[in-house]
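Asker: Below, each chain spelled out in residue letters.
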Amino acid sequence: MNLTRVFGKAIAASPERQQEADADYAVVKQVQAGDVAAFDKLIVKYRERLFGVVYNLTSNREDAADLTQDAFIKAFQSINRFQGQSSFFTWLYRIAVNTTLTHLRKHRHRTFFSLENLQEDQVSAQIIAQLSDKKGADRDVQLRELQEKLNEAMQKLSIKHRTVITLFEIDGLSHAEIAEITECSEGTVRSRLHYAKQFLQAELSQYLR
Amino acid sequence: MSSEPRQRPTLETLLQLKRAERPAPEFWEKFDRELRQKQLAALVQERRWWQRLNLGLPRWAYAPAGAAAALALSIVSLHMVMPVAEAPVPVTIQRDVASKADTSLPPVATNLTSGESTPVSVAATESASSAPAVTGQDAAPAPTAESIEAGLTQRVLAGVAEMSPSARTIAASLARLEETDPDLVRSLQTVRFSDARPVRPAVEVQPAAALASWTAGNSRISRLAVADIAYNRPFTPEPAAPEVLRERMARRLGDTDFGNRSRRLGVEGDRLHLRF
Chain A
1 MNLTRVFGKA IAASPERQQE ADADYAVVKQ VQAGDVAAFD KLIVKYRERL
51 FGVVYNLTSN REDAADLTQD AFIKAFQSIN RFQGQSSFFT WLYRIAVNTT
101 LTHLRKHRHR TFFSLENLQE DQVSAQIIAQ LSDKKGADRD VQLRELQEKL
151 NEAMQKLSIK HRTVITLFEI DGLSHAEIAE ITECSEGTVR SRLHYAKQFL
201 QAELSQYLR
Chain B
210 MSSEPRQRPT LETLLQLKRA ERPAPEFWEK FDRELRQKQL AALVQERRWW
260 QRLNLGLPRW AYAPAGAAAA LALSIVSLHM VMPVAEAPVP VTIQRDVASK
310 ADTSLPPVAT NLTSGESTPV SVAATESASS APAVTGQDAA PAPTAESIEA
360 GLTQRVLAGV AEMSPSARTI AASLARLEET DPDLVRSLQT VRFSDARPVR
410 PAVEVQPAAA LASWTAGNSR ISRLAVADIA YNRPFTPEPA APEVLRERMA
460 RRLGDTDFGN RSRRLGVEGD RLHLRF
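Protein chains in written order, with my numbering: chain A, 1 to 209; chain B, 210 to 485.
With the rest of the complex left out, here is chain B (with noise of 0.2 Å):
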């Protein structure tokens, strides 16, 4: 034992008896075998795109080269997205214009219900020479989105002469627009900005009256239009769902007994249903 001390090795010696782990020579026949097919298959196998890309730069240029094509592509891309962006703009002054352009539309014979099965109750009055005019129970309705609206292009249209170059140049581009093409200038009067409440009460239309008073002068897409809108398309905007899935909705929300409940509770092996 106390010759011990002197028998251990150095790391460097410890060292030594790796460079000593080899394989057997026939390792290197497998080897060279697996090798010369590894080699023909390279041959042989088409080289990526990207493999084949010689652009001659220095290995250090390739990450700022990226970055800076990322650069480029995420600019080109918000260029592209920019349109889309900016659309508010021209968005509020064409519903000022479809405001406008309200008045010229032909007179609905409107039938105001009230007191249906609608969720909000509205005393209406009939206007026949006028586009439908609400009156609610509340003399003053609240302020709701489309009021602001359209106070707000009101206010555009009473400071033209104030607004900005640009706003100044959409309005004579309305303004031209609305000559050369009045169709489409009132079809922008659809686009909302967010959905109006309170809900505005529901408009039977009178598709023979409608049409009688519009089809004539207009053009055929329009009269599609109104035909549509007069035979399809009742002015609500939260359309009724069918009577009988109405009255199925109504059934199941309003079941309050138990052993229908229960029914609808459901073991099955390891698995718990609940039907709705």
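So that you can see chain A by itself, here it is in the shape it has in the complex (with noise of 0.2 Å):
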């Protein structure tokens, strides 16, 4: 069984995860034997996710892009010392998650959107019709105002616990991915996902079922 190392603890990882660790750890390598060419690769292959995750952590597109960026730099700038001893990308994901609290946290009375245009390509029609009854411009009306309003409610969140609804709900990472980028255990980030939940569906209650 693939093994990934968190916090001393080994805990079991997904074939198709440990072979995208390893692919990219042997990019990694080939960074660390100077070539640098080979960076891009793997800023191509995580910007979107990365953006994504500042992005709903901040609720801001240019933070969000300055944020990712300066990410991307301290993962170049460090990537001599990165061992291989988790996976890169929740190495990179740390480094991103990092970055953004300090930023968060430096600027915590300096809070306004701006929010990216919903996709909706991206979005399944069942969620769409769920989402909204109405057709047309008085749907994306709608739906721009339930974005705001998540927003919202997302922004009142501590910082920790919109980190965990983020990665969790939106990325898609496990729990013990989420221990690992947040540098808490497993049962911290169950309990902190349960409070964000709670709180957000009080906040949203008018909205939601």
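Calculated from the structure, these hints are not laboratory results. Check before you lean on any hint, since a few could be wrong.
As the list claims (entries may be wrong) - Okay, derived cross-link-like pairs now, DMTMM-like style, lysine to aspartate or glutamate, Cα gap no bigger than 25 Å in a straight line: (1) B:Lys239 / A:Asp35; (2) B:Lys247 / A:Glu62; (3) A:Lys74 / B:Asp241; (4) A:Lys197 / B:Asp241; (5) A:Lys45 / A:Asp35; (6) B:Lys239 / A:Asp63; (7) A:Lys41 / B:Asp241; (8) A:Lys106 / A:Glu183.
The structure presented is a predicted model; accordingly, all values stated were derived computationally and were not measured.
Need the complex rebuilt from these two chains, each delivered in its own frame; the hints are there to steer you.
Answerer: Structure (structure tokens):
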């Protein structure tokens, strides 16, 4: 069984993830050997996912772009210290999350939204139908309102809770991976997730079932 | 309206909406361009020394290592400061030696003034053959810091045999020092623990007599010191201000004229002046 180390403990990783981690590590080895251009492969591979995480933490497109770039730069500068004890993507995520958390703590009182447009082709028709019973422009307005309300509620969450729910519900990471990225136990991750869901449910009660 | 509850989404469905919040493809062109610039800047930029520092420590060990370094630094700096903190002990003994050395001072002709403009008037006697002796109107002067120090030093002298080994060593060192460099010991006379009160009377030194009896057989530094004391620095604990300044201060402090006071206050625009 393929294993990934988290805080000295070995956890089971899915074969796909392990394969992906091995491929990433091979590229990292190239970069460490001096092939700087190989790092571009990693950028292209992870930029959208990383941007998504940072964007959902900040709810600001410009900040998210800057922070994602900063995370890539930091990873690039520290690539020689990457020993392959964890997968590259969790390492990269950890850098991005820490960079974002530092930014959010520094600018705690400066919150304004700069939201991305919804790419409706990314959402199934079934979900759209669940979210809005209207058609055309009315539906767009309704979806936009839901989007804003959800972002407002997310921003009311503490940074730690927001991180957990973003990584789990939006990015689809497992509890173990989130635990590794946020450097806490899986139990803490579950607890934070539970609290965050309860909070959002209460905040958005008039829109939710 | 009856179908409204059925159409309300769950939280999970709503969160899936967030996945669809994605930037347009042209956004990534700009993103890549900026990232490339930052990457090049990072390659060119000199890294700070602490960023280049690779101690080979695990991450969790940084805080304890930092704390240990800070503690070590504190201890080292404390050790460097300690000799200053221990200074009072040798000073006490030196003070004693200095008081002993008083007797070896050359006889300085003194002329004690009394009833002048000094705040405390002192009826003084003159003694040409010994160190200046002050005889106040009160036969038994109030205990001063000086007298307390003198008492302490006498007690220390009297009990040399009962002194601790370190104190005995210090006393022996001082005795040796007195033999080898009496000027240095004499110069320690000027060391004071605190200001002596009541105020000693001003001593008017007669430079010629002092120099005549003192310069012979002494080092150049001592001669210069005596000359400086004799010509420039009268032995007054609170040196008097120049006459003009004293007069001006007295006039200002004693000024009761309302007109003068009102002239000190002035209003100019939104400012209020008070002249002293």
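Asker: Compare the structure with each hint and give your call.
Answerer: How the hints compare with the structure:
no.: 1; hint: B:Lys239 / A:Asp35; verdict: holds (24 Å)
no.: 2; hint: B:Lys247 / A:Glu62; verdict: holds (15 Å)
no.: 3; hint: A:Lys74 / B:Asp241; verdict: holds (16 Å)
no.: 4; hint: A:Lys197 / B:Asp241; verdict: violated (35 Å)
no.: 5; hint: A:Lys45 / A:Asp35; verdict: holds (17 Å)
no.: 6; hint: B:Lys239 / A:Asp63; verdict: holds (14 Å)
no.: 7; hint: A:Lys41 / B:Asp241; verdict: holds (12 Å)
no.: 8; hint: A:Lys106 / A:Glu183; verdict: holds (20 Å)
Violation of the numbered hints given earlier is confined to hint 4; every other hint is satisfied by the structure.
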